[in-house]
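Asker: Below, each chain spelled out in residue letters.
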Amino acid sequence: NAGVTQTPKFQVLKTGQSMTLQCAQDMNHEYMSWYRQDPGMGLRLIHYSVGAGITDQGEVPNGYNVSRSTTEDFPLRLLSAAPSQTSVYFCASSWTSQETQYFGPGTRLLVL
Amino acid sequence: SQQGEEDPQALSIQEGENATMNCSYKTSINNLQWYRQNSGRGLVHLILIRSNEREKHSGRLRVTLDTSKKSSSLLITASRAADTASYFCATTQGGSEKLVFGKGTKLTVNP
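Those sequence lines, one after another, are chains A and B. Each residue of the first sequence is one higher than the one before, counting from 452 in our numbering. Each residue of the second sequence is one higher than the one before, counting from 592 in our numbering.
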């Protein structure tokens, strides 16, 4: 099992550009989530999904879109990148929000 | 807003000493989880304690939960340099599916 994979590992964007951060898991988990981590702020929940076709907003959803067309994939889209979105992004999956979360290695995003 | 808040923000100890970090939360929970993050890496699950449990052990880790005080503590006994990492607690609020993390405690174990 590959677990939770994230691509790319590192990305540089210019303000206004769009991109998609990919997240995939091969554990057949229903629950998937995206977090961003900034220095001194811990992890903040962006969006989460309790199953294919179902998504909901977390603590800091503005500027990000998600979709969940399959159980395996949960991409995060930045429609118009801003410098404030410079961060490290982590994807996680689990059976439910109440169980052990399995994290991907993260994507470092720099918006200039 | 973040549900859990860890205390202290940073902790520096010598190898062999015990390390204690605390987590306070605001509303009722189903369970509370502790995670560890080595610098720049993804988080790794350490232990989960359910709301009807008061104490749980895993190796050198001991977690307590006091629902009346809305707080939990993580004790690492006989610490090692390899325990140097950031430690986070995570909870869901009541019936919510949102799993939110605190800001973490940065532990440094000096050899």
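Simulated from the structure, these hints should not be mistaken for lab results. Where is the CB? At the ideal position from N, CA and C, for every residue including glycine. Heads up, a few of these hints could be off.
Unchecked claim - Here are some of the chain A residues that sit facing chain B, going by a computed Cβ distance under 10 Å:
(1) Gly504
(2) Thr521
(3) Asp524
(4) Cys542
(5) Leu560
To be verified - Chain B stretches covered by chain A per the calculated footprint, using a threshold of three residues with CB under 8 Å from any CB of chain A:
(6) 603 to 612
(7) 660 to 673
(8) 687 to 696
Said to hold, decoys possible - Pairs of lysine-lysine residues, derived as PhoX-like cross-links and limited to a Cα-Cα distance of at most 25 Å, are as follows:
(9) Lys460/A - Lys694/B
(10) Lys661/B - Lys647/B
(11) Lys617/B - Lys661/B
(12) Lys647/B - Lys697/B
(13) Lys617/B - Lys660/B
(14) Lys697/B - Lys460/A
Asker: If a hint holds in the structure, say so; if it does not, say that too.
Answerer: These are the hints, each one checked on the structure:
1. Gly504: It is violated, given that the least Cβ distance between Gly504/A and chain B is near 15 Å, above 10 Å.
2. Thr521: violated (19 Å)
3. Asp524: At about 18 Å, which exceeds the 10 Å cut-off, the nearest Cβ of chain B leaves the hint on Asp524/A violated.
4. Cys542: This interface hint holds because 9 Å falls under the 10 Å limit.
5. Leu560: violated (14 Å)
6. 603 to 612: It is violated: at least three residues are needed, and the region 603 to 612 of chain B offers just 0 whose Cβ sits closer than 8 Å to chain A.
7. 660 to 673: violated (count 0)
8. 687 to 696: Result for this restraint: holds, n = 9.
9. Lys460/A - Lys694/B: With a Cα-Cα distance of about 23 Å, the restraint between Lys460/A and Lys694/B holds, given a limit of 25 Å.
10. Lys661/B - Lys647/B: Holds, because 16 Å separates the two Cα atoms, which is no more than 25 Å.
11. Lys617/B - Lys661/B: holds (7 Å)
12. Lys647/B - Lys697/B: The hint holds at about 22 Å.
13. Lys617/B - Lys660/B: holds (10 Å)
14. Lys697/B - Lys460/A: holds (24 Å)
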